[in-house]
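Take a look at the letters that make up each chain.
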Amino acid sequence: MSRSGPVAAYGPILAVALLLAMLPVATSANTILNSMVMALLIALAGQGWNILGGYGGQFSFGHAVFFGTGAYVTALLQARFGVNAYVAFAAGIAAGAMVGTILGYLSFRSGLRGSYFALVTLAFAEVFRILANATAFTGGAAGTLVKLDVRPENFQFSSRAVFFWIALGLVTAVMLGVRFMERSRFGAWLVAVRENEDAARALGVDTLKVKIQAITLSAGVTAAAGGFYVQYFLFIDANLAYGTWISIEALLVPIVGGLGTVFGPLIGAVALHGLAEATKAIAGRIPGIDLALYGSLLVLAIAFAPNGLQGLMAKIGRGLSFGRAP
Amino acid sequence: MFSPEIVTAAVLNGLLTGAVYALVSVALTLVYGVLHIINFAHGATLTAAMFAAYVAWQAGIDPLVAVIGLAPLFFVLGYAVQRWIIGPASHGEDRNILLVTLGLSIVIENVLLATFRSDTRSIDVPYGFSSVDLGFVFLPMPRVIAFGITCVVALLLWILLARTDAGKAIRAVAKDKLGAALVGIDVPHVYAVTFGLGAACLAVAACVLLPSYFVNPRVGNAYVLVAFTVVVLGGMGSVPGAVIGGLFIGIVESLSGLYFGESLGQLGIFLIFILVLLVRPTGLFGARA
Amino acid sequence: MTTHRFGTTRRQVLLAGAGLAGTLGMPGLVRAQAAAVKVGVLQPLTGALAQDGQAGQLGAELAIKAINAAGGIKSLGGAKIEAVMGDARSTPEGGTAEVERLAAENVSAIVGGFASPICLAATQAASRYDLPYIVDVGVNDQIVSRGLKNTFRFAPGSSMVSGQALDNLVKLNDAAGKPMKTVVLVHEDGLFGSGLAKLLQAELPKRGFEVIDTIAHPTPARDMSNVALQIKAKNPDLVIPSSYYGEFVLLARTMQQQRVKPKGIYAVLNGAASNYRFVKEFPEAAQFVIDTNHWYDPRNATAIALKKEVEAQGKFFLYNVALNYSAMLLLADAIERAGSADRAKIIAALETSTFGGHIMPYGPTKFVNGQNTGAAAVNTQVQNGDIKVIFPEAFSDAKAVFPVPA
Chain A
122 MSRSGPVAAY
132 GPILAVALLL
142 AMLPVATSAN
152 TILNSMVMAL
162 LIALAGQGWN
172 ILGGYGGQFS
182 FGHAVFFGTG
192 AYVTALLQAR
202 FGVNAYVAFA
212 AGIAAGAMVG
222 TILGYLSFRS
232 GLRGSYFALV
242 TLAFAEVFRI
252 LANATAFTGG
262 AAGTLVKLDV
272 RPENFQFSSR
282 AVFFWIALGL
292 VTAVMLGVRF
302 MERSRFGAWL
312 VAVRENEDAA
322 RALGVDTLKV
332 KIQAITLSAG
342 VTAAAGGFYV
352 QYFLFIDANL
362 AYGTWISIEA
372 LLVPIVGGLG
382 TVFGPLIGAV
392 ALHGLAEATK
402 AIAGRIPGID
412 LALYGSLLVL
422 AIAFAPNGLQ
432 GLMAKIGRGL
442 SFGRAP
Chain B
-15 MFSPEIVTAA
-5 VLNGLLTGAV
5 YALVSVALTL
15 VYGVLHIINF
25 AHGATLTAAM
35 FAAYVAWQAG
45 IDPLVAVIGL
55 APLFFVLGYA
65 VQRWIIGPAS
75 HGEDRNILLV
85 TLGLSIVIEN
95 VLLATFRSDT
105 RSIDVPYGFS
115 SVDLGFVFLP
125 MPRVIAFGIT
135 CVVALLLWIL
145 LARTDAGKAI
155 RAVAKDKLGA
165 ALVGIDVPHV
175 YAVTFGLGAA
185 CLAVAACVLL
195 PSYFVNPRVG
205 NAYVLVAFTV
215 VVLGGMGSVP
225 GAVIGGLFIG
235 IVESLSGLYF
245 GESLGQLGIF
255 LIFILVLLVR
265 PTGLFGARA
Chain C
58 MTTHRFGTTR
68 RQVLLAGAGL
78 AGTLGMPGLV
88 RAQAAAVKVG
98 VLQPLTGALA
108 QDGQAGQLGA
118 ELAIKAINAA
128 GGIKSLGGAK
138 IEAVMGDARS
148 TPEGGTAEVE
158 RLAAENVSAI
168 VGGFASPICL
178 AATQAASRYD
188 LPYIVDVGVN
198 DQIVSRGLKN
208 TFRFAPGSSM
218 VSGQALDNLV
228 KLNDAAGKPM
238 KTVVLVHEDG
248 LFGSGLAKLL
258 QAELPKRGFE
268 VIDTIAHPTP
278 ARDMSNVALQ
288 IKAKNPDLVI
298 PSSYYGEFVL
308 LARTMQQQRV
318 KPKGIYAVLN
328 GAASNYRFVK
338 EFPEAAQFVI
348 DTNHWYDPRN
358 ATAIALKKEV
368 EAQGKFFLYN
378 VALNYSAMLL
388 LADAIERAGS
398 ADRAKIIAAL
408 ETSTFGGHIM
418 PYGPTKFVNG
428 QNTGAAAVNT
438 QVQNGDIKVI
448 FPEAFSDAKA
458 VFPVPA
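Chains as they are written, first to last, in our numbering: chain A, 122 to 447; chain B, -15 to 273; chain C, 58 to 463.
The following block holds chain A by itself, in its conformation from the complex:
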């Protein structure tokens, strides 16, 4: 694919964002808005994962460590030090990114790749979870509550629509950023690392530096999702922040949606969220049936769309155009 102009590169992202932004105009149903906010939150966490995992080829099983750090810093700065919510949110992102840098430095310098890297991230998330659960400063196991005071200057809004737009704004900003990254030299290096790290190094790419930069960016984005989570629910505890659930969601959505693509995480998050809602609606009242159905459909989806939903769409698209060719 040749490098396209800025309109072709950024236009679709803005178009999709504008279209989605109409949602609160089309419906005032908070059920849908809340569901979409959750989907966007997961998409944001997945976008972070996608930078490192999708573009850089470094699969992490422990992105909870960044999500949780973003969440805790956002919550603690407000609850303990009375810091303004927006400042706390920014600090949460910075703290998450910093944890990313440190983790990246430690593990990439040791040459960890593949499953080994995945497992070390998993272990870091566990260590943070245990510490957050046992330390008095984080509220220990009781967690930390942000004071309920619904005012825009506190990053608390009575309307779900406002939260929706903020989440959409964050996701869009990251999509634009990732598109910019794709077109930059850094992006090319990162993909080179994914495709063949030794070759990239031979060509003079400082692969260690590229990977550390990528994990820093990746961590910052996922930390933003954590900070947003706190503002939305005003509560965080160790299992929510550093539990395996978010690590899994963060890797699931880009892989399902399309690994190493700008829209992948968003598509994956909306699709999986929709799937979960649908199976919930179909399944009867016996608990567990809906999730079992969800899992089965996930397996089937992978069996028939091994390259993610975008891959599937591309395949269908190609099939159609071949069909039309003489």
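Think of the hints as simulated: they come from the structure by calculation, not from any bench.
In this text, all values refer to a predicted model and were calculated from it rather than measured experimentally.
Ideal placement from N, C-alpha and C gives every residue a C-beta, glycine not left out.
Be careful, since some hints might not be right.
To be verified - Computed cross-link-like contacts, DSS-like style, restricted to lysine-lysine with a CA-CA straight-line distance of at most 30 Å:
#1 LYS137(C) - LYS401(A)
#2 LYS263(C) - LYS456(C)
#3 LYS95(C) - LYS372(C)
#4 LYS206(C) - LYS228(C)
#5 LYS238(C) - LYS289(C)
#6 LYS372(C) - LYS401(A)
#7 LYS268(A) - LYS206(C)
#8 LYS238(C) - LYS445(C)
#9 LYS95(C) - LYS401(A)
#10 LYS445(C) - LYS228(C)
#11 LYS122(C) - LYS423(C)
#12 LYS235(C) - LYS137(C)
#13 LYS268(A) - LYS402(C)
#14 LYS337(C) - LYS456(C)
#15 LYS372(C) - LYS291(C)
#16 LYS401(A) - LYS122(C)
#17 LYS238(C) - LYS318(C)
#18 LYS423(C) - LYS131(C)
#19 LYS445(C) - LYS372(C)
#20 LYS423(C) - LYS268(A)
#21 LYS456(C) - LYS228(C)
#22 LYS122(C) - LYS402(C)
#23 LYS337(C) - LYS318(C)
#24 LYS268(A) - LYS255(C)
Unchecked claim - Computed, partial: chain C to chain A, Cβ under 7 Å:
#25 PRO149
#26 GLU157
#27 LEU177
#28 ALA178
#29 GLN199
#30 ARG203
#31 ASP246
#32 SER251
#33 GLY252
#34 LEU256
#35 LYS364
Stated by the list, open to error - So, partial list: chain A residues that the calculated Cβ filter (under 8 Å) puts toward chain C:
#36 SER156
#37 LEU355
#38 PHE356
Chain A is fixed; fit chains B and C onto it per the hints.
Chains B and C only, in chain A's frame:
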């Protein structure tokens, strides 16, 4: 701080707990060593096996007897799942294997939830409260039995891998999949056999675990992270490494629990885990880079 | 007001017409039927807390069945209560999503939540709609201290329970001639165990007990041998555990295996000591364990009948059943007095509630800042395969065995 009796008792207890870790980890490391995948359905498979043992017990069969039937049954199930579900569905892509096993674990866990509901159940076997009296400590009988069975299984597995043709084929595939295929080894079959062996190990672990533990639809997860640690410590793919690693982690957990408190004691495991990964990622017994 | 009433009535008539058409096949049942009042029943039906959630749901359903069988809400022309079920999936996000759905389905109130993190998130989400929310269990004190006007907790919170646990312990000990002096605390390191441990550590010494060790353990724990060994080494008179079900079962069994026999096990809000499954599966390990917990009033005729009904279904009569049953009756009483399905009116009615028709060992209901100050935990003790209330005497159906005979 603690009397020598308590410390010795803690070490022995850790050893007994470690035996179960070893068994769960052997299954994980075997699958990893051959298929080079991290099996996310590992915990759910253990849970399923524990429920199978529970059902057998309800039908009047002691878990230690039931294991004779359950281990082959889980071998067949494991074989089938790998051969006809994970293999074809994942198209040979690592990331898809990861997703398929994740999907499977969601299915297994929730089918168990729907079938058995979420109650935590435990069984009361006749030997449940008998113990081996060493004077300063009572070693619970179920866990002593578990330790013995683990040693037997590890030995059998070692013989199988080192001395039989099937073992040779498994080792060949583990080392070089393409080469093995070229000399006529049916690679998908070997994959499935390995997966089946892993599931059979889990069935044994489930049967020895049930008399001293409890079962609910999420119980297996408690053992998965530890198993990962053990596998890394022992070197991914190394069966003897997993056995020694399991026993070692059991002792470390027990002692650090004693000295730093049970909650922070868990930290000891993961710090070792991270340290090993950063300093010697091939593990203490791993040969492959 | 009048026009509103009129509007309601007209709608009721229309709906009654629809109902009529639907029941034409059964002439015996044809009668003017008022519009049902929708009530949300929110419980963690799947995930880690499903056992409790399913019990809670059962309690709410049984209450609704009883209310409807007794003629529904009389001030609304015999309107039936219609349950809209919600599954919080054992997470705060799941709880919030279901509150949104329930609000969209126009429920008049929500009952349930069970776990504190779910209750914190769900009450807050419901407050956006001024949707009355009755918390069934959720013991975290912060649930009712945030100034949410819509939130009511029928059961006691953790500080109330711990206070009562302390008071009752002192009284039990005094009555027995003060046999207990030294204490070891064992608690799970999650939300609910840590807070209690902290409070007990501060308060027990003031009341003449010596805390010689505090042992925290994670959930899930794979092994309790070390905890048992430490207890054995410290040899306390009394062990005070607060853990979830699986861990306490492990602890009790391990203590029995290691021949650790303190003079008493006095649990606080314990997951297992008040659970019939534990008592049934391990009668020996469970014998004489005391718990301070939510429990039904064993002298209440309705409670006894309900217990029979639940057990006839092959289920256990956990406290969640009794609490949700009572909370639903409380809500029905508020709707009755409000004479309306209107959310604000129900909140007003709950604020002034003096409801006494529940099946808990509580006095009349009285909400102060959302907390029912009439609520109280009781002491139960496992005695010969059954769970008995031993304290306070006004509700007890057995005498305490304290200290445990050697």
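Practice item. Taking the numbered hints from earlier one at a time, note which ones the structure violates and give those numbers from smallest to largest. Key: 4, 12, 15, 34, 35
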